[in-house]
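Chemist: Residue strings, one per chain:
Number of protein chains: 2
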Amino acid sequence: ARQGSTLVSMKRRDKDFPFLPPAHRALTLDLFSAIDDRLDSVLLPSTVPSDVLRFQNPQGTAHGSVEIRSGSPTSLLDLVLQSWLHCKLPGGSGEINITTLFGFLNSTSHAPHLLVELIQGGPSSLVLVIDLLPRKDVVLHPDYLDEFYLETNLDGPRQDLERLPQVSPYRSPSLFIRSVLSPTAVAVTINGGKEVDALAFEEVMARHVGEAAKKVISIWIEKCLGAGQRVLEEERDGLERRDGMIKRKAVEIDLVANLPKMFGPEVADRVVAQVQKAFRVV
Amino acid sequence: ARQGSTLVSMKRRDKDFPFLPPAHRALTLDLFSAIDDRLDSVLLPSTVPSDVLRFQNPQGTAHGSVEIRSGSPTSLLDLVLQSWLHCKLPGGSGEINITTLFGFLNSTSHAPHLLVELIQGGPSSLVLVIDLLPRKDVVLHPDYLDEFYLETNLDGPRQDLERLPQVSPYRSPSLFIRSVLSPTAVAVTINGGKEVDALAFEEVMARHVGEAAKKVISIWIEKCLGAGQRVLEEERDGLERRDGMIKRKAVEIDLVANLPKMFGPEVADRVVAQVQKAFRVV
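Listed in order, the protein sequences are those of chains A and B.
For the first sequence, our numbering assigns the number 15 to the initial residue and increments by one for each residue that follows.
For the second sequence, our numbering assigns the number 15 to the initial residue and increments by one for each residue that follows.
FYI, nobody ran anything at the bench for these hints, they're computed from the structure.
Be careful, since some hints might not be right.
To be verified - Dumping the calculated DSSO-like pairs for lysine-lysine here, alpha-carbon to alpha-carbon at most 27 Å:
{"#": "1", "chain 1": "A", "residue 1": "Lys-150", "chain 2": "A", "residue 2": "Lys-237"}
{"#": "2", "chain 1": "A", "residue 1": "Lys-150", "chain 2": "A", "residue 2": "Lys-291"}
{"#": "3", "chain 1": "B", "residue 1": "Lys-150", "chain 2": "A", "residue 2": "Lys-263"}
{"#": "4", "chain 1": "A", "residue 1": "Lys-150", "chain 2": "B", "residue 2": "Lys-229"}
{"#": "5", "chain 1": "A", "residue 1": "Lys-150", "chain 2": "B", "residue 2": "Lys-150"}
{"#": "6", "chain 1": "B", "residue 1": "Lys-150", "chain 2": "B", "residue 2": "Lys-263"}
{"#": "7", "chain 1": "B", "residue 1": "Lys-263", "chain 2": "B", "residue 2": "Lys-228"}
{"#": "8", "chain 1": "B", "residue 1": "Lys-102", "chain 2": "B", "residue 2": "Lys-229"}
{"#": "9", "chain 1": "B", "residue 1": "Lys-229", "chain 2": "B", "residue 2": "Lys-150"}
What the hints assert, rightly or not - Far from chain B, some chain A residues (derived; all Cβ distances over 10 Å):
{"#": "10", "residue": "Ser-55"}
{"#": "11", "residue": "Gln-70"}
{"#": "12", "residue": "Glu-81"}
{"#": "13", "residue": "Ser-86"}
{"#": "14", "residue": "Thr-88"}
{"#": "15", "residue": "Leu-93"}
{"#": "16", "residue": "Leu-103"}
{"#": "17", "residue": "Pro-104"}
{"#": "18", "residue": "Val-152"}
{"#": "19", "residue": "Leu-154"}
{"#": "20", "residue": "Leu-164"}
{"#": "21", "residue": "Pro-183"}
{"#": "22", "residue": "Arg-192"}
{"#": "23", "residue": "Val-194"}
{"#": "24", "residue": "Glu-217"}
{"#": "25", "residue": "Arg-255"}
Said to hold, decoys possible - Interface residues of chain A toward chain B, partial, derived using beta-carbon atoms under 8 Å:
{"#": "26", "residue": "Thr-122"}
{"#": "27", "residue": "Val-153"}
{"#": "28", "residue": "Pro-156"}
{"#": "29", "residue": "Leu-159"}
{"#": "30", "residue": "Tyr-163"}
{"#": "31", "residue": "Asn-167"}
{"#": "32", "residue": "Leu-189"}
{"#": "33", "residue": "Phe-190"}
{"#": "34", "residue": "Pro-197"}
{"#": "35", "residue": "Leu-253"}
{"#": "36", "residue": "Arg-256"}
{"#": "37", "residue": "Ile-260"}
{"#": "38", "residue": "Lys-263"}
Note that the coordinates shown come from a computational prediction; the quantities given were computed from them, not determined experimentally.
Ideal Cβ placement from N, Cα and C applies to all residues, glycine included.
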């Protein structure tokens, strides 16, 4: 595994997310490598075809990549999705860059899923979501909150980030996305502002966002992928129904609503179909 | 009913919440009257004993009232709880004033419950929660979000309030409370600040908070208490289990954790027991 992860990291550095802005790119590299390094032994090789692993629009103004690796059959992992999207806005009015990291568990565990998303709409302005998504109705199961959110102090990274002057709370326009997030979710806007130099933004990204995201990723790997999380047979149907809704909505809100505008219908259809297949929500 | 509500309002004005600060008192009067005026015909008389309808601590530094009226047997209403608490802090370091309004539906409807809470910790600083609490796991039932939250534009009052410079988002220290709120919940801190005069705070309270709360109360009465919300027999068990958890936790977090400190164990026990009895969560 040690050998394997070094190879993956090297491959990763080689790919290098060529279009993302520097601080965003460094962070993406850092987070994807953290996942690859620690989960390589339980992840199967990517089965995504090369025209989804790397795609662009006909004009060459939009570029993207979606990589999906399934968990090995004996693990609690369903799949890990890592994607980045880059799109120049019409008329030279800037660009949008989106990085997404999903870690879904399968229904032999009820532990939370991992979500990290960076949506950068300007050189020093970014929406950040870092969360472990509950797999159950936590109102009916408050012990779930205690186990995965309170005892792990998942509210700590959120509090640390929200104390920074560049950071303010973010609410998704989608009521579903707001509802799917946990009560300790990091959901913030980071804004360098006009008067602050880019350095402040880059430092927030490199130091504070990186630290918070890696803390949550560590909790996910240690607590949620660890032993002792297997669930009873009769719980699995409920988990699969709820997970299916999360995945269907994620495709609908994240991809179906955005990819056609960015990449045109043909590329969008191809990428969406591949993700739906991997998510088993066709 | 018209006659009845006039009587109730007059009685209300007579009681007058003697200990609440002026802006808080006016708002409480306004909201409680809105409920009384519009729901009087479907609410039975209060059955709460007089020493719960009005109580104080032995030293006379804390005063409170809890009134609970059940819905008539043919209505969708389970009960309405209206309470206010006033407590001088030791050493003359200020006072705390709390107003709570709960409107619970029974399990013949799956429409949301109503919650309005004002927690005033200083002359011009207040935590405000206004929400319709979902009765279902909305991740599994996104159509529930569409029906009760999107189509009613419940996000509007929240957006209006959060635009004000005196208003900033509030997160309850309780992860359960955060989870029980809807994705359009108003959960904010209103802070007059040291340099702003009390007038600004009072205006925010009278105009903006009052307007938002009354808008949400109207939506609740028209949409949730209206016809067409009755549910199937087989859904009721699930609703009752989930409602039971909300009520149990509300008593635990709102009352059991605070009343003994404010009123001493004897008064606290009496009030808690009465609420538990009305909530059927003994």
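Chemist: So, for every hint listed, does it hold in this structure?
Modeler: Comparing the hints with the structure gives:
1. A:Lys-150 to A:Lys-237: Status holds; Cα separation ~16 Å.
2. A:Lys-150 to A:Lys-291: 24 Å, holds
3. B:Lys-150 to A:Lys-263: 18 Å, holds
4. A:Lys-150 to B:Lys-229: 31 Å, violated
5. A:Lys-150 to B:Lys-150: With Cα atoms ~12 Å apart, Lys-150 of chain A and Lys-150 of chain B stay inside 27 Å; holds.
6. B:Lys-150 to B:Lys-263: 16 Å, holds
7. B:Lys-263 to B:Lys-228: Given pair Lys-263 of chain B, Lys-228 of chain B holds - Cα atoms ~26 Å apart, limit 27 Å.
8. B:Lys-102 to B:Lys-229: Between Lys-102 of chain B and Lys-229 of chain B the Cα gap is close to 32 Å, so the pair fails against 27 Å, i.e. violated.
9. B:Lys-229 to B:Lys-150: 23 Å, holds
10. Ser-55: 31 Å, holds
11. Gln-70: It holds; Gln-70 of chain A is separated from chain B by about 33 Å at its closest Cβ, greater than 10 Å.
12. Glu-81: 26 Å, holds
13. Ser-86: The assertion about Ser-86 of chain A holds, with a minimum of 28 Å to chain B.
14. Thr-88: Holds, because the least Cβ-Cβ distance between Thr-88 of chain A and chain B comes to about 28 Å, which exceeds 10 Å.
15. Leu-93: 19 Å, holds
16. Leu-103: With a cut-off of 10 Å, Leu-103 of chain A remains clear of chain B, as the shortest Cβ separation is near 26 Å.
17. Pro-104: 29 Å, holds
18. Val-152: Given that some Cβ of chain B is not farther than 10 Å from that of Val-152 of chain A, nearest at about 5 Å, it is violated.
19. Leu-154: 5 Å, violated
20. Leu-164: 6 Å, violated
21. Pro-183: 5 Å, violated
22. Arg-192: The claim is violated: Arg-192 of chain A sits with its nearest Cβ about 4 Å from chain B, within 10 Å.
23. Val-194: 5 Å, violated
24. Glu-217: 24 Å, holds
25. Arg-255: Check fails; 7 Å does not lie beyond 10 Å.
26. Thr-122: 20 Å, violated
27. Val-153: Where the cut-off is 8 Å and the nearest Cβ of chain B is about 5 Å from Val-153 of chain A, the hint holds.
28. Pro-156: For Pro-156 of chain A, the interface hint holds, since the closest Cβ of chain B sits about 5 Å away, which is under 8 Å.
29. Leu-159: With a closest approach of 5 Å, the Leu-159 of chain A hint holds.
30. Tyr-163: Holds, about 6 Å.
31. Asn-167: At 11 Å from the nearest chain B Cβ, Asn-167 of chain A fails the 8 Å test, so the hint is violated.
32. Leu-189: Hint holds; Leu-189 of chain A Cβ to chain B Cβ min 4 Å, cut 8 Å.
33. Phe-190: 5 Å, holds
34. Pro-197: 4 Å, holds
35. Leu-253: 11 Å, violated
36. Arg-256: 5 Å, holds
37. Ile-260: OK, holds: Ile-260 of chain A within 8 Å of chain B, min 6 Å.
38. Lys-263: Cβ of Lys-263 of chain A sits 7 Å from chain B, so the hint holds.
Violated hints for the displayed structure, listed by number in ascending order: 4, 8, 18, 19, 20, 21, 22, 23, 25, 26, 31, 35.
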